[in-house]
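Undergrad: Going down the list, the protein sequences come from chains V and E. Everything in the first sequence is counted per the UniProt record's numbering, starting at 1 for the first residue and increasing by one. Everything in the second sequence is counted per the UniProt record's numbering, starting at 1 for the first residue and increasing by one.
These are calculated hints, taken from the structure and not from any lab test. Hints are supplied without guarantee of correctness; some may be wrong.
As the list claims (entries may be wrong) - Partner residues aside, some chain E positions facing chain V, computed with beta carbon under 7 Å:
id, residue
1, Leu71
2, Cys152
3, Phe153
4, Ser176
5, Tyr178
6, Pro196
7, His323
8, Cys326
By construction, the Cβ of each residue, glycine as well, lies at the ideal position given by its N, Cα and C atoms.
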Amino acid sequence: MASSNLPRRIIKETQRLLSEPAPGISASPSEDNMRYFNVMILGPTQSPYEGGVFKLELFLPEEYPMAAPKVRFLTKIYHPNIDKLGRICLDILKDKWSPALQIRTVLLSIQALLSAPNPDDPLSENIAKHWKTNEAEAVETAKEWTRLYASGA
Amino acid sequence: MDDIHPSSDSIKVESKINYYSDGFDDNEDPFFLTDDDLVGGDDGAADALLEDIREDEIDLLKQKQQDCKILNATELRQRMEHDVAQVSAVLSVSKTEASILLRNYNWSVGKVNDAWFTDESAVREKVGLFVKPVISSDIVSNKRKIIFCGICFESHTSDRIIYADCGHLYCEICWSIYISTSINNDGAGCLMLRCPEPSCHAAIGQDMIDSLTSEEDRKKYSDFLLRSYVEDNRTTKWCPGPACEYAIEFSGADGIFDVTCHCFTSFCWNCKEECHRPMDCDTVKRWILKNSSESENVNYILAYCKPCPNCKRPIEKNHGCMHMTCRVCRYEFCWLCLGPWKGHMNCNRYMERTDTDDKRKKLAKESLEKYTHYFERWDANRKSKVKALADHQRVKDEEFKKLSVSQDIPEAHFEFISKAWLQVVECRRALEWSYSYGYYLPDNEPAKKQFFEYLQGEAESTLEKLHNCVESELKEFLDVDGLSKKFSEFRTKLVGLTTVTGNYFEKLVRALENGLSDVNSHGTKGLEDEAEDSWHCDRCTYANPSSIRSCKMCVPSDIDNVSGNE
Numbered sequence: 001m002a003s004s005n006l007p008r009r010i011i012k013e014t015q016r017l018l019s020e021p022a023p024g025i026s027a028s029p030s031e032d033n034m035r036y037f038n039v040m041i042l043g044p045t046q047s048p049y050e051g052g053v054f055k056l057e058l059f060l061p062e063e064y065p066m067a068a069p070k071v072r073f074l075t076k077i078y079h080p081n082i083d084k085l086g087r088i089c090l091d092i093l094k095d096k097w098s099p100a101l102q103i104r105t106v107l108l109s110i111q112a113l114l115s116a117p118n119p120d121d122p123l124s125e126n127i128a129k130h131w132k133t134n135e136a137e138a139v140e141t142a143k144e145w146t147r148l149y150a151s152g153a
Numbered sequence: 001m002d003d004i005h006p007s008s009d010s011i012k013v014e015s016k017i018n019y020y021s022d023g024f025d026d027n028e029d030p031f032f033l034t035d036d037d038l039v040g041g042d043d044g045a046a047d048a049l050l051e052d053i054r055e056d057e058i059d060l061l062k063q064k065q066q067d068c069k070i071l072n073a074t075e076l077r078q079r080m081e082h083d084v085a086q087v088s089a090v091l092s093v094s095k096t097e098a099s100i101l102l103r104n105y106n107w108s109v110g111k112v113n114d115a116w117f118t119d120e121s122a123v124r125e126k127v128g129l130f131v132k133p134v135i136s137s138d139i140v141s142n143k144r145k146i147i148f149c150g151i152c153f154e155s156h157t158s159d160r161i162i163y164a165d166c167g168h169l170y171c172e173i174c175w176s177i178y179i180s181t182s183i184n185n186d187g188a189g190c191l192m193l194r195c196p197e198p199s200c201h202a203a204i205g206q207d208m209i210d211s212l213t214s215e216e217d218r219k220k221y222s223d224f225l226l227r228s229y230v231e232d233n234r235t236t237k238w239c240p241g242p243a244c245e246y247a248i249e250f251s252g253a254d255g256i257f258d259v260t261c262h263c264f265t266s267f268c269w270n271c272k273e274e275c276h277r278p279m280d281c282d283t284v285k286r287w288i289l290k291n292s293s294e295s296e297n298v299n300y301i302l303a304y305c306k307p308c309p310n311c312k313r314p315i316e317k318n319h320g321c322m323h324m325t326c327r328v329c330r331y332e333f334c335w336l337c338l339g340p341w342k343g344h345m346n347c348n349r350y351m352e353r354t355d356t357d358d359k360r361k362k363l364a365k366e367s368l369e370k371y372t373h374y375f376e377r378w379d380a381n382r383k384s385k386v387k388a389l390a391d392h393q394r395v396k397d398e399e400f401k402k403l404s405v406s407q408d409i410p411e412a413h414f415e416f417i418s419k420a421w422l423q424v425v426e427c428r429r430a431l432e433w434s435y436s437y438g439y440y441l442p443d444n445e446p447a448k449k450q451f452f453e454y455l456q457g458e459a460e461s462t463l464e465k466l467h468n469c470v471e472s473e474l475k476e477f478l479d480v481d482g483l484s485k486k487f488s489e490f491r492t493k494l495v496g497l498t499t500v501t502g503n504y505f506e507k508l509v510r511a512l513e514n515g516l517s518d519v520n521s522h523g524t525k526g527l528e529d530e531a532e533d534s535w536h537c538d539r540c541t542y543a544n545p546s547s548i549r550s551c552k553m554c555v556p557s558d559i560d561n562v563s564g565n566e
């Protein structure tokens, strides 16, 4: 059906994501579109996002794996590299994409980005400024947002 | 144009001869003109002097022929292959590797050699050339081994597996899609293609491109390579003429960049705008940008595009964060301050200006009025120049025949009319840019401004005389039957005007190019001279010291020297 003209690679990746999920990450394809994934990432321990459950959407474009997947946070998050529309500033999603990368590696990188925000490469100017001028306060805001928007309700 | 441009290499200087110094080419022809007719016998030295100038110009011509070469695609490819072969031989690397090296060092053989012999391993690291694979496998010896491809997730026998110098293994189908995607999506970025392994930066060279892609993609890649050879090379540039495929190699260094292509496009090699003496390139750029600032297009580029700080190609930002990576040269920089991303800190601090709003508004209004004044005149001369060029062509094509019949003179003898027209074109061009020059002349130097306006005014009226003579007075002879005595007078007048106007404009252009640096010294020296003993030139009224016989202002300077020696 829907999967009949899906490249073997996508089918294999999907199977592996379901059978051996990476710790703290789940990704399952939508029923009506095998290229669209509902993703959940658990906030990494010892980060301001700990305890949060973050929903993302991931789409594999026609050119995948020659072109990068498109990923976006659906849950509101206070992070210098993620803007209010949920778009993510991550090099492997742009010019550093390589067809040898996978959905799994992309999601692991996003998880790592939650552990290590990079205010020097900001997508959200205000949050990055906040992070640089008063990190403790910014981290508090991030924790607050995690409680408010990502408490898994 | 053909007759005055027999060889493209020499166009610039030849035209200089035509426009500025020489109305005398057909002196051998006694039918029309004697030296006395021309200079009115008032300066016997002028002859010898003009010969001097001509020799100077011819020297310049020879020098210019070496300065600039016009190259077609075949010649460019030959040069590229020659450079690649040279690097390949000197560094004992393959031609593919030599090509990768040159591409990374702006196609400069010298730079590649320097860098390579300074630190070969650093160069290899930088451009992605490997001495031996980082991954070793036995697929060469074992053709039946099963290999897993990390892109399509399929298993293949090892004869279907390809690897670059780094040794990372992928199947040939994925390789060819990978390369083809890059050629069709990344533009010139495909020339910098690297191994798909995320941590690997091994360069993908032309040998792999050629063996793995379609004919069509190979052609595209080869075109990108040629473009890179011309655009990244400091000594070559494409001719900006519409649909022109020639590139021009230029090695002159005397600050004059005017070149003319085989397609007859004349342009400044330095900035690729039309020839714009006496203006410098930066000011021309500002002027042109200013003129088109109304256009939506320019607004868009200003609003959304910035030049890459490294390779200067315009970059449009359409997504996300301020960390930019140029697709072509891979330079990483901050979108806001255009500083390098490496070591980038904050660039948020506002550098305050002192102007108040009111003052700025008033200045804006004044500057608009000033701009309109100069722009109108710039534009009028520009249009007049284009018209004169068309008129010249028409006169040559149609009126020479009529004239030949009515005056019973062979067409070949009308070269002086052609020269006058081309002089008009050249002067209109200089006048056009002199208005842009005037616009940028600083307001706080009134002496300079006054002097400039005086010179420009004189230039304008001189040119009007010439333009009128060649345009209106010529018409009188078209319909008159039989040999007209007046025609000989007309010829004398026109040749004289052409020479005088040419000399004056050359002086003007040179003076403006020097930033009117004489103004201050003239101010004091002029007074001294006048206090001593001086004479006023009949033509331009300039007060010359009595020690010289030809006007310093409207006769080429070489003449002064010789007069002084007499």
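Undergrad: For every hint, state whether the structure bears it out.
TA: To see whether the hints hold, each was checked on the structure:
Of the supplied interface hints, the one on leucine 71 (chain E) is violated, with its beta-carbon coming no nearer than about 33 Å to a beta-carbon of chain V, more than 7 Å. The interface hint given for cysteine 152 (chain E) is met, as the beta carbon of that residue sits about 5 Å from the closest beta carbon of chain V, less than 7 Å. With a least beta-carbon distance of about 4 Å to chain V, the hint placing phenylalanine 153 (chain E) at the interface is held under the 7 Å criterion. Using the Cβ-Cβ criterion of 7 Å, the hint placing serine 176 (chain E) at the interface with chain V is not satisfied: the shortest such distance is roughly 11 Å.
The restraint placing tyrosine 178 (chain E) at the interface with chain V holds, with a minimum CB-CB distance near 6 Å, inside the 7 Å limit. A cut of 7 Å between beta carbons decides the hint on proline 196 (chain E): the least distance to chain V is about 5 Å, and the hint holds. For histidine 323 (chain E), the interface hint holds, the least distance from its beta-carbon to any beta-carbon of chain V being 5 Å, beneath 7 Å. At its closest, the beta carbon of cysteine 326 (chain E) sits 9 Å from a beta carbon of chain V; the interface hint therefore is violated under the 7 Å criterion.
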